Structure formats: structure tokens, C-alpha cells
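Please model the complete structure; the sequences and the hints are all you need to start from.
Here's the letter readout for the chains.
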Amino acid sequence: MHWQIDLIILTFTIFCALAAISVKDLLSTAILFGAYSFMMCLLWAVMGAVDVAFTEASVGAGVSTVFFVAAVFRTSRRTKD
Amino acid sequence: MLQQYSEQAGGQKIEIHSSNHSFALWRLLLYATADFPAWGDPNSPANSYLSPHYIQKSIEETGVPNLVTSVLADYRGFDTMFETAVVFCAGLACFLLLRNFKQKEENFYRHIPTGVIIQFKKGDKTLPVGKEFEHIDTEWIPYDLIIKTVCRILIPFIQLYALYVVAHGDFSPGGGFQGGVIFGSSLMLYAIAYNLRTLVQRVKEKLLGLFCAIGVLIYAGIGVVCMALGGNFLDYGKLSQILPVDPGHIRAYGMLGVEIGVGITVMAAMVIIYVNIVSIGRHDEGL
Amino acid sequence: MSEILPIIVAKYNYWLYIILMMIGLYAMISKNNLIKKLVGMNIFQTSIILFYVSIGYKTNATIPIIENAHGDSHSPHELIIHAADYINPLPHVLMLTAIVVSVATFGVALALAVKIYQRYQTLEEDEIRMRLTEE
Chain A
1 MHWQIDLIIL
11 TFTIFCALAA
21 ISVKDLLSTA
31 ILFGAYSFMM
41 CLLWAVMGAV
51 DVAFTEASVG
61 AGVSTVFFVA
71 AVFRTSRRTK
81 D
Chain B
1 MLQQYSEQAG
11 GQKIEIHSSN
21 HSFALWRLLL
31 YATADFPAWG
41 DPNSPANSYL
51 SPHYIQKSIE
61 ETGVPNLVTS
71 VLADYRGFDT
81 MFETAVVFCA
91 GLACFLLLRN
101 FKQKEENFYR
111 HIPTGVIIQF
121 KKGDKTLPVG
131 KEFEHIDTEW
141 IPYDLIIKTV
151 CRILIPFIQL
161 YALYVVAHGD
171 FSPGGGFQGG
181 VIFGSSLMLY
191 AIAYNLRTLV
201 QRVKEKLLGL
211 FCAIGVLIYA
221 GIGVVCMALG
231 GNFLDYGKLS
241 QILPVDPGHI
251 RAYGMLGVEI
261 GVGITVMAAM
271 VIIYVNIVSI
281 GRHDEGL
Chain C
1 MSEILPIIVA
11 KYNYWLYIIL
21 MMIGLYAMIS
31 KNNLIKKLVG
41 MNIFQTSIIL
51 FYVSIGYKTN
61 ATIPIIENAH
71 GDSHSPHELI
81 IHAADYINPL
91 PHVLMLTAIV
101 VSVATFGVAL
111 ALAVKIYQRY
121 QTLEEDEIRM
131 RLTEE
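Chains as they are written, first to last, in my numbering: chain A, 1 to 81; chain B, 1 to 287; chain C, 1 to 135.
In case anyone wonders, no lab produced these hints; they're calculated from the structure.
The hints are all genuine.
Under 7 angstroms between C-beta atoms, here's a sample of chain A residues computed to sit facing chain C:
no., residue
1, Phe33
2, Met47
3, Ala49
4, Val52
5, Val63
6, Ala71
7, Thr75
8, Thr79
9, Lys80
Derived coverage of chain B by chain A (criterion: at least 3 residues anywhere in the stretch with Cβ under 8 angstroms from a Cβ of chain A; other residues may be distant):
no., segment
10, 175-181
11, 263-274
If you're wondering where the values come from, they're calculated on a predicted model, not measured in any experiment.
Ideal Cβ placement from N, Cα and C applies to all residues, glycine included.
Structure follows, in C-alpha cells:
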């Protein structure tokens with residue numbers, strides 16, 4: 001494994017996390033959170049944890065985003081911070 | 001970045017400087033990393049006591065090449081059983097929190113030959129949905145021919161892939177958790193592409209609840225069967241007395257049974273959570 | 001410089017995990033919106049999972065699936081396996097189940113948020129507190 005790939009993906013992950021908590025629209029948060037989960041999945045695949053990466057790809061980036069969008073659909077997109 | 005968060009609780013003013021706290025904790029943890037082993041060190045404490053046994057003996061003792069599955073379902077099977085129970089409890093909690101048996105106040109129907117839309121103010125009057133009338137959602141109308149057609153073609157393959165993932169958990173990445181989630185998300189895709197009502201009619205709520213419980217029951221049942229045959233709880237080696245298969249592979253078959261149980265529970269729990277959240281427990285309209 | 005570089009290479013991952021964890025903690029404490037708090041909770045959770053998985057990593061090792069053991073394994077005793085060749089599977093197992101449990105708890109938390117919204121028509125913490133004092 002090359003540490004450069006690891007570092008680049010980790011930086012993307014941190015940017016996605018920062019964007020997900022700072023954006024002022026919950027639907028955008030949902031999508032950015034999905035991107036964050038996918039970056040996390042890539043990071044685990046790079047580390048050789050293939051089972052964990054597979055789980056995260058199906059659970060974190062897939063189903064949890066769907067739950068999120070469903071909850072935003074039933075509540076509101078508005079957020080003050 | 002300093003954000004003050006103040007709270008007026010019983011005349012007493014409590015101020016939490018949240019970013020100060022996280023900064024302090026950050027510095028503390030940064031200091032603690034000095035004692036950590038170097039990244040990727042093969043001789044670090046986490047890699048030296050128990051895990052060499054798992055890696056070296058797994059193929060001999062269980063006959064399963066995927067170490068994660070063998071540790072998950074065999075060496076630590078008891079742990080995984082209760083994780084499955086946690087997922088079951090989450091499905092149950094969503095049902096109990098949100099399920100609402102009252103029907104909606106208004107119902108809309110379209111008379112298909114003429115296109116006339118009929119509205120019922122009271123929820124008790126319904127029309128037979130079929131060739132003549134069709135139900136219209138009030139909040140979300142997802143009719144799109146392309147999405148429907150593509151999903152109709154795609155969903156069987158997704159479900160087949162989920163079954164493959166469950167069945168090949170012993171040899172390749174995958175297993176009950178992943179397969180169950182993929183199967184559940186295929187049902188969610190069906191609800192999104194068509195209609196929530198279509199999904200609820202196809203996959204009844206009682207069926208989902210039953211599946212959710214049956215998965216845990218399969219898992220625990222395999223453990224109890226092993227116990228009845230004279231072994232420990234979840235000691236799959238004893239299953240060779242009743243299953244006519246090669247004794248070298250018997251543990252792989254035991255794990256497959258357990259993974260099927262996990263997959264069924266996870267699939268049903270995910271669909272229950274989705275349906276309850278998206279329709280606020282009314283199971284009629286949703287995304 | 002030549003002394004600092006090995007330390008950085010050996011430890012920078014942990015530092016970045018801690019930054020990620022603190023982002024999650026910050027969001028959990030200081031964000032006003034309940035769903036933002038949930039996102040913070042999930043970030044916190046995934047950073048801890050990331051830390052656990054990275055503990056099991058070994059340099060020059062492959063994924064934890066035994067090679068040449070697929071198919072007809074009538075003679076597994078002939079297979080010689082070195083523990084240093086395979087990544088430690090134990091943290092993977094623990095964290096795999098943790099991810100699935102985390103999505104289950106996330107679903108329950110979202111159900112609670114939907115219930116709160118139904119009752120108070122808002123997800124902002126200060127507005128909910130205002131409604132509570134009005135009652």
C-alpha cells in the first residue's frame with residue numbers, strides 16, 4: 001500500500017466530514033454524508049479490510065443515506081447551522 | 001471557531017465552550033499517540049497474542065478460507081448472535097415508535113378511462129383499485145417510465161447478487177450482514193421506483209416481522225441443535241451427526257446456516273425501518 | 001528532518017483520525033440541529049472504527065483470505081501459513097458488526113427525530129426548548 005493514496009483519501013474524508021456538518025441544507029448533508037461514507041469505504045479497501053469496506057459500501061453509503069433522505073423528506077430541510 | 005452555547009436552566013447559567021473542550025481533548029489524544037505502535041507494525045500488541053492463532057489455525061480447524069467469516073461466525077459466534085439481536089431490536093423499536101394504525105384523512109383516486117380525480121374526505125370510504133381506478137399519492141408522485149422499467153430489470157439481479165454474497169461469504173468478502181442489507185435495499189429501490197403502497201402490498205408487514213424474528217431464531221436454533229447433539233452452543237462440528245456431508249466442511253455449512261439467519265433478520269429490519277420512517281408509520285404513502 | 005520524517009510516517013494516520021473524531025465531537029456538542037448532531041455521532045463512530053481497523057494493519061501483508069485454500073481442501077495440513085502474511089482479521093470482525101449496529105441505531109435515532117418533528121414541528125434544539133417552556 002502506498003501512503004500517498006492513503007493520505008489523499010484521508011484528506012478527502014476530512015473535507016467531506018467538515019462539509020457535511022457545516023452546510024446549511026440537510027439534503028446536502030445527506031449527500032455529503034454518503035460521500036463521506038464512500039471515502040471511508042475506499043480507505044478500508046486500501047487498508048485491506050475488504051469485508052469491512054464491503055459492509056460500509058452497502059450499509060453506510062447505501063442504506064444509511066436512504067434512511068437519511070427518508071427522514072429529511074418527512075421532516076424539513078431547514079437548519080440554522 | 002469558538003462558539004458559545006449558553007443555556008438558561010433553573011436560573012443557573014451553564015456555558016459550554018464546545019470547541020475549547022474538543023481542542024483540549026484533541027491535544028490530550030495527540031499526546032497519547034506517542035505511545036502507540038508504529039502504523040503497520042506486524043509485532044504490535046494487537047497483532048501478537050490471539051490473532052496469529054486465528055490466522056494459522058483457522059483453515060485447519062474450520063476449513064473456511066475467509067478468516068473474517070470464520071472468526072465472525074465460529075470463534076465469536078456468540079457475539080454475532082447478539083449483534084443480530086440488536087438489529088432485530090432496532091427494527092422493533094422503529095415499529096413501536098412510529099407505527100400509526102390510523103388511516104389518512106383524504107384519499108385520492110383517478111378514474112383511468114376518463115382521467116377524473118375523485119377525492120374522499122373521510123378515510124373510511126375506499127374504492128376497489130384495479131383496472132378502473134388507481135390510487136394517487138398526495139405528497140409524492142414518482143411516476144416515471146424510465147425509472148420503473150430500469151428498476152424492474154435491475155431488481156432481480158440485485159437480489160441474485162445478494163444471495164450470492166450470502167452464499168459465498170465463506171470464500172470471498174461478504175456474508176450475512178452485507179447480503180441482507182443488499183437484499184433489503186433492493187426492496188427499498190422497488191418502493192422508491194414504484195410506490196410505497198406497492199411494496200407494502202407485495203411484502204406484507206406481518207411477513208417482515210416474521211422474517212425479522214425467524215432470522216434470530218435460525219441462528220439460536222442452530223446453536224441449540226448443536227447443544228442437543230452433545231456439543232457446546234454453536235459448536236458446528238456436532239452437526240455432522242445429522243447432515244450427510246463431508247466432516248471437513250461441516251463447519252462451513254454451519255456458518256452458512258448462521259449467515260442465512262443473519263441475512264434474513266438484517267433484510268427485514270432494514271425494510272421495516274425504512275417503511276416506518278418514510279411513511280411516519282402509516283404504511284401508505286412515502287418516497 | 002531525517003529523524004522527524006519516520007515519526008510522521010508512523011503516526012500521521014492516528015493524528016488524522018483524532019482530527020476526524022474531534023470534528024464529530026464538535027458537531028455533537030455545538031450543532032443546534034438534531035440531525036446534524038446525528039451526523040456528528042456517526043462521524044465519531046466511524047473514526048473509532050477506522051482506528052480499530054488500522055490497528056490490525058500490517059505492512060507487506062495481504063487481505064485476510066487464505067490463499068490456495070479454495071476448492072478441494074483435503075490436505076489443509078500441507079498449507080503453511082505465516083501470521084505475518086495476512087492482515088489481522090480480529091478488528092475487522094468486531095468493526096463489521098459495529099457498522100451494522102451503527103446503522104440500526106441511526107435508524108432508531110432518525111425515527112426519534114421524525115417523532116420529535118411531528119410533535120414540535122421543528123428540529124432545532126433551542127426552538128424545541130422554547131416550545132417546552134411554553135407548555
